[in-house]
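Residue numbers (our numbering), protein chains in the order written: chain S, 1 to 505; chain C, 1 to 251.
For the record, the hints were derived by calculation from the structure and aren't laboratory data.
Quick caveat: nothing in here was measured; it's all calculated off a predicted structure.
Every residue gets a Cβ at the ideal spot worked out from N, C-alpha and C, and that includes glycine.
Do not rely on the hints blindly, as some may be mistaken.
Claimed, not checked - So the derived list for chain S, only partly shown, Cβ under 10 Å to chain C, looks like this:
| id | residue |
| --- | --- |
| 1 | Gln-185 |
| 2 | Ile-189 |
| 3 | Asp-504 |
What the hints assert, rightly or not - To be clear about the criterion: a stretch of chain S counts as covered by chain C if any three or more of its residues have a C-beta under 8 Å from a C-beta of chain C, and this derived list gives those stretches:
| id | stretch |
| --- | --- |
| 4 | 4-13 |
| 5 | 17-27 |
| 6 | 40-54 |
| 7 | 69-77 |
| 8 | 210-216 |
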Amino acid sequence: MNDIFRTLHNGSAIPFDEVPRLEVTAFLQAIIDATDRGWRVSSYFGIPTESGATLCCVLSSKADGLIGMAAADVAGSFPSIARLVPQLQLFEREIAEQCGIPAEEHPWFKPVRFHHSFVPGRDAWGRNPGDPILPGVMEFYRVEGEEVHEVAVGPEHAGIIEPGHFRFQCHGEEVFHLEISLGYQHRGIEQGLVGGPDPRTPFRMETIAGDTTIGHMHAHCMAMEALSGTRVPARAEALRGIALELERLANHTGDLGAIAGDVGYLPTASFCGRIRGDFLNMTAVLCGSRFGRGLVRPGGVLFDLGEAERDDLLARLDAARADLENAVELLWSTPSVMSRLENTGAVSADTARELGLVGPAARACGLNRDVRHDYPYGIFRMAQIPVITTHHGDVCARTTVRWLEAGKSLDFIRDQLRQLPGGGCRNEPGPLQGNRVAVAMTEGWRGEICHVAITDDAGRFLRYKVTDPSFHNWAGLAMALRGEQISDFPLCNKSFNLSYCGFDL
Amino acid sequence: MLREIIARLKQGHRTMAYPKEPVQLPERFRGYPEFPARVERADGEACAAACPHGAITCDGGIALDTGLCLFCPECTAGEYVRFTTDHRLAATRREHLLVRSGGEHQLARPLEPRLRSLLGRSLKFREVSAGGCNACEADTNVLSTIGWDLGRFGIQFVASPRHADGLWVTGPVTENMREALLMTWEAIPGPKIVVACGACAIGGGPFAGSPEARDGVDGILPVDLYIPGCPPHPAAILDGLLRLVGKIEGE
Ligand code: SF4
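Turn these sequences into a full structure, and let the hints guide you.
Rendered as structure tokens:
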């Protein structure tokens, strides 16, 4: 691996001063070189300083199974390299918005979440500090010409769904371009963590994206455990893995049903709607909450699994597998469904790579990336789950990946339940060590989740950075729509099913 | 077509018998609280100070505010509070969410008769997520699946506020959604009702005190039904709704 970056394993911590502080040009060049070699940017953020920010970049190298980190101090503004490394474009805008310093020569320099910066009075767009910042107020990209028209949708949508604004530039039915503007769900999660953790921190972690309670909470716990040097008992790791895969199953099942519903195929839609609930109810057997609230805590899990519950879960799992197979097989054998899924909303492997897509959306384009496999953590160091990829990058591919992954998760849970390790399920975590940085990544059902925690002298959070998979993937949805019929937007959107609150934080 | 029919037969009829029969809840479900031990004043004050969400108060006896409570498994009140598997948490008045030792269990009450007769047998909501984490949204949505089949009670979620009788709010009301929420409320023809679904919508939940959110709907719009929980179990939501429209009464 490269000697410029300080490397570390997923879920470990190092002294923060071991992260090389580079001169900014060298820092940016190192990022360009590393991404050229196939590294991905897992996180890129700023720690606000009096004159600007300390930029920190967290890259991951699949070939080495390692994470690399470097930093640079900037004053007043910082240079954008998004033209060379497109996967950085949103990160740079986020840094600008949070630290209040502009990204020079950014090709698409717009706010991300529409909030005041972390530094009172400092604003990357020179907006008046006293004025309110209104969501969605920015220059939208426009295609002009005769017969070109614009369609604006949201923030509110027709269903029970989170808010976001979508602008389509269309020619007749054909979409030339889709621009997505979010921020409506912004709850101030990262600002609220500075000086933490406090007793409310776990609850905020579990609600970063409520449908990914386990995925985010697990990443948070890994960061806390690395910072405090806490060992997690094997039994707890297995139970966390079971909960994570149940979360994946519930959401994948829900998505399979929703995709069927969007092409008007109601049998699978209604069966999957119910079966999704069966998986949520299995999580509730573990901990009383259908979303896994209160299960995972630093040091382990709060609920052990008894014999009776284990047998109950195994029986439920078998029943759900039979129902799910029955419901989803219908899709593949119905030509009218397949013709709607195939060749709709395709994203090429090159585009996916350039944008840094993650999770099923990336795997559907043939990119073999999965944190469970590439940077194994917790139970996945002992028990591997095969990575599923397909090629076409269209709605059908994203549907297929979900379906095949669901099968692998079912196998995994069954095996884990049958061979649960003995012993306790929680060790009391100690205090956090000061002046350290921890990086923790998990594979949520939408893809890579990355938490980076940096502590100050006293072991309190100096900066806590959360990157939800949706942060990488919204741009993928925008690209999927190019050249498509606008009426296919709901279907394409469902096939990505990205998080608004996970993005908005 | 034949395949669909066979699949339909295999999947069977799955709509639950609730409310005719009791709803199945997981053993570890944390629902309506009770106070098993007598609490001395000092202990009660310690409990109040320890709860990170400010759900416990102690003046003349311990009380738990289910609107603020997140039903944590690691409840700091320890042996003084026990969560039963009773899902009936919804209430029609904010103060009814304050559960006191020995106090009466305040269930949600029906809408006033004039409004009920105006609504007839149908009640339609426009849902707005104002910073919700997609858990309250998901467990509201689930009521429309075949397992719960909300439609059989004449209750429905609709696409336009113009078609709605009420506003269904999830989330702590973020700064960035406040205006859209108010515009939706304006667009609903009166008379109209408001439901605050989940801890965030009631009091900000985990995000209480965040400068980017408003600690819930109270103080912004008049709330007619509060449904506690983070997120509320679908059964808690349905209980509140059915009581509101008078389809469940008494215990
Ligand atoms: S469960 Fe949590 S929120 Fe409720 S009283 Fe106990 S500590 Fe407070």
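Cross-check of the supplied hints:
1. Gln-185: Cβ of S/Gln-185 sits 5 Å from chain C, so the hint holds.
2. Ile-189: S/Ile-189 check passes; min Cβ-Cβ to chain C is 8 Å, inside 10 Å.
3. Asp-504: 8 Å, holds
4. 4-13: Violated: only 0 residues of the stretch 4-13 of chain S have a Cβ under 8 Å from chain C.
5. 17-27: violated (count 0)
6. 40-54: Violated, because only 0 residues of the stretch 40-54 of chain S bring their Cβ atoms closer than 8 Å to Cβ atoms of chain C.
7. 69-77: Check failed, 0 qualifying residues.
8. 210-216: holds (count 3)
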